[in-house]
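Heads up: the protein sequence lines correspond to chains V, S, L and Z, in order.
If you're matching positions, the first sequence starts at 1 in full-length UniProt numbering and goes up one per residue.
If you're matching positions, the second sequence starts at 1 in full-length UniProt numbering and goes up one per residue.
If you're matching positions, the third sequence starts at 1 in full-length UniProt numbering and goes up one per residue.
If you're matching positions, the fourth sequence starts at 1 in full-length UniProt numbering and goes up one per residue.
Everything labelled a hint here was simulated from the structure, so no lab data went into it.
Wrong hints could be hidden among the right ones.
Simulated pairs of lysine-lysine, BS3-like, Cα-Cα distance not exceeding 30 Å [unchecked claim]: (1) Lys115/V x Lys133/V; (2) Lys133/V x Lys121/L; (3) Lys53/S x Lys115/Z; (4) Lys137/Z x Lys7/V; (5) Lys115/Z x Lys132/Z; (6) Lys121/L x Lys132/V; (7) Lys7/Z x Lys134/L; (8) Lys134/V x Lys121/L; (9) Lys121/Z x Lys137/S; (10) Lys53/Z x Lys133/Z; (11) Lys134/V x Lys115/V; (12) Lys53/S x Lys133/S; (13) Lys134/S x Lys53/S; (14) Lys115/S x Lys7/V.
Which stretches of chain Z does chain L cover? Using the computed rule of at least three CB atoms under 8 Å from a CB of chain L, they are [what the hints assert, rightly or not]: (15) 24-36; (16) 39-50; (17) 55-68; (18) 74-85; (19) 91-98.
Yeah, the Cβ is synthetic: ideal placement off N, Cα and C, and Gly gets one too.
Protein chains: 4
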Amino acid sequence: MDLESVKRLLENGQGTENESSINSLPTRLFDPFILQGLHVDLVEPGRLICSMKVPPRLLNNGNFLHGGAMASLVDLVGSAAIFSTGAPNSGVSVEINVSYLDAAYADEEIEIECKVLRVGKSVGVVSVEIRKKKTGKIIAQGRHTKYLLVRSKI
Amino acid sequence: MDLESVKRLLENGQGTENESSINSLPTRLFDPFILQGLHVDLVEPGRLICSMKVPPRLLNNGNFLHGGAMASLVDLVGSAAIFSTGAPNSGVSVEINVSYLDAAYADEEIEIECKVLRVGKSVGVVSVEIRKKKTGKIIAQGRHTKYLLVRSKI
Amino acid sequence: MDLESVKRLLENGQGTENESSINSLPTRLFDPFILQGLHVDLVEPGRLICSMKVPPRLLNNGNFLHGGAMASLVDLVGSAAIFSTGAPNSGVSVEINVSYLDAAYADEEIEIECKVLRVGKSVGVVSVEIRKKKTGKIIAQGRHTKYLLVRSKI
Amino acid sequence: MDLESVKRLLENGQGTENESSINSLPTRLFDPFILQGLHVDLVEPGRLICSMKVPPRLLNNGNFLHGGAMASLVDLVGSAAIFSTGAPNSGVSVEINVSYLDAAYADEEIEIECKVLRVGKSVGVVSVEIRKKKTGKIIAQGRHTKYLLVRSKI
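Working from the sequences, and respecting the hints, build out all of it.
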């Protein structure tokens with residue numbers, strides 16, 4: 001194994017024209033970069049169902065939905081579900097975990113379901129499941145734990 | 001609490017000009033979107049240290065490095081560390097978890113250290129720590145578990 | 001804070017008569033120590049519901065069901081659920097995670113529900129939820145990932 | 001696969017003489033059941049090293065240290081490490097995760113090292129590593145997140 005290739009893997013594309021176009025992206029683009037195209041199908045206090053067609057920008061090198069993108073969906077959609085319970089704010093993340101179970105390909109319709117497991121005065125926990133909309137097959141399941149009393153410091 | 005505002009939170013910006021510019025982003029942009037600006041400082045078999053100045057595009061609404069971006073770093077840099085051991089491929093993700101411990105602000109220098117905990121014939125596990133470069137204070141710690149025998153299906 | 005008290009906390013009871021009675025416990029007592037009193041209410045391929053009255057031996061110092069005991073239930077009952085799919089063996093553990101959401105007190109009836117999320121040729125993942133039987137309130141939710149091709153080494 | 005055998009797997013031994021001896025075990029035995037034989041080798045604020053000979057009672061059916069026992073060590077020893085920082089109490093568990101990397105056999109000497117990653121006013125996180133004492137090979141690595149402001153409710 002060539003250690004230089006590990007370096008290339010991570011630094012790949014730097015110094016190309018791709019670089020300047022990425023560097024010129026606007027600030028705080030992360031949320032829309034992940035969420036653009038997502039539709040909220042149902043929202044109840046503590047429960048949220050969204051759907052989305054896997055966008056080409058979120059694919060990995062294997063041409064399926066990136067694991068980091070799925071972790072980001074667990075983060076963002078899970079936070080919104082905690083907010084839906086009437087929590088005063090959506091807090092800060094304490095812990096996120098995701099199990100990856102299947103692949104979702106470009107333009108495949110996925111469904112994201114969140115169930116809030118608990119919201120107390122200071123800690124909220126939500127379970128998030130990403131499924132193939134057509135078959136219901138689970139693509140990923142995760143949990144997101146947030147600390148809600150965010151005035152000063154955790 | 002207004003359930004409509006949860007919907008707006010997630011669908012925010014759709015239908016604006018932001019939308020078309022995001023939709024026109026190239027395919028498989030996820031890796032460079034996360035990694036652009038990262039520098040590999042050290043690579044040994046099973047150990048990897050990188051550094052990066054927190055780029056404005058990866059900020060969240062609180063103006064610090066997005067939790068989803070940190071999970072994506074655990075994914076991507078952790079995968080490269082597993083690859084550095086000489087594993088035949090970097091496999092597919094089985095599980096990612098991240099504990100969030102502190103905030104990293106725009107242009108702050110961060111350091112990402114990966115230690116491979118185990119690479120067997122079929123399962124690899126790597127621990128990833130994100131720190132403030134100046135003080136060494138831990139911002140996040142996570143683990144990434146990969147399945148390495150990817151020929152057909154898990 | 002007295003560092004000596006941390007030592008006492010962990011080494012507490014050693015050198016007392018408790019010690020010899022624990023040291024004389026039979027080998028491989030762990031499974032029955034956790035499971036004694038558990039009843040399987042439903043078993044289908046990939047789905048399992050059990051119930052149990054919280055036994056006094058599994059309480060923590062706060063007098064509610066010990067977090068380690070709940071993690072052990074996620075381990076053991078989750079393994080049985082993976083086995084119920086017809087997997088050739090119940091494999092070895094790769095990862096366990098548990099979120100703790102509420103307390104279960106002595107003699108309270110709890111229900112443990114497992115849903116297998118995926119069983120492939122080599123990796124199985126199961127979601128485990130522990131609830132108060134009376135109210136359905138969630139006490140803990142976890143996931144257990146197992147590697148199933150256990151002939152030689154992972 | 002015989003669903004009846006899943007039931008037997010979990011209810012095994014009930015109705016035998018083992019049952020009455022387990023039912024007669026004292027209340028809150030969990031901590032000493034796990035910790036008996038553990039020795040604290042080093043304690044500093046936020047750092048803790050312990051060692052232990054794997055006791056026969058904590059073996060699984062494969063005759064190596066039970067995954068549930070290791071999760072319980074992450075719970076208990078990790079809690080003590082958080083307590084060692086001077087936290088007013090050791091709090092309640094929010095989340096535990098463990099990656100299993102190798103097996104530890106009966107009478108093998110193991111070392112448990114805890115490093116507190118953060119202790120704030122309300123949330124504490126500790127990383128726990130279980131290793132073979134002789135070789136330093138990692139057997140398991142986990143994290144334990146606790147909520148520290150335990151007066152009323154989380």
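To see whether the hints hold, each was checked on the structure:
1. Lys115/V x Lys133/V: Given pair lysine 115/V, lysine 133/V holds - Cα atoms ~17 Å apart, limit 30 Å.
2. Lys133/V x Lys121/L: 24 Å, holds
3. Lys53/S x Lys115/Z: Answer holds: lysine 53/S to lysine 115/Z is near 27 Å, not above 30 Å.
4. Lys137/Z x Lys7/V: Distance ~27 Å between lysine 137/Z and lysine 7/V Cα, so the pair holds.
5. Lys115/Z x Lys132/Z: 17 Å, holds
6. Lys121/L x Lys132/V: OK: lysine 121/L and lysine 132/V at ~21 Å, within 30 Å.
7. Lys7/Z x Lys134/L: 23 Å, holds
8. Lys134/V x Lys121/L: 24 Å, holds
9. Lys121/Z x Lys137/S: 17 Å, holds
10. Lys53/Z x Lys133/Z: Holds, because 10 Å separates the two Cα atoms, which is no more than 30 Å.
11. Lys134/V x Lys115/V: 21 Å, holds
12. Lys53/S x Lys133/S: 10 Å, holds
13. Lys134/S x Lys53/S: Holds: lysine 134/S and lysine 53/S sit about 12 Å apart, inside 30 Å.
14. Lys115/S x Lys7/V: Given pair lysine 115/S, lysine 7/V holds - Cα atoms ~16 Å apart, limit 30 Å.
15. 24-36: holds (count 12)
16. 39-50: holds (count 7)
17. 55-68: It holds: at least three residues are needed, and the region 55-68 of chain Z offers 12 whose Cβ sits within less than 8 Å of chain L.
18. 74-85: Answer holds; 8 residues pass the 8 Å Cβ test.
19. 91-98: Since three or more residues must qualify, the claim that chain L covers the region 91-98 of chain Z holds, with 7 doing so at under 8 Å.
In terms of the numbered hints stated before, the structure departs from none.
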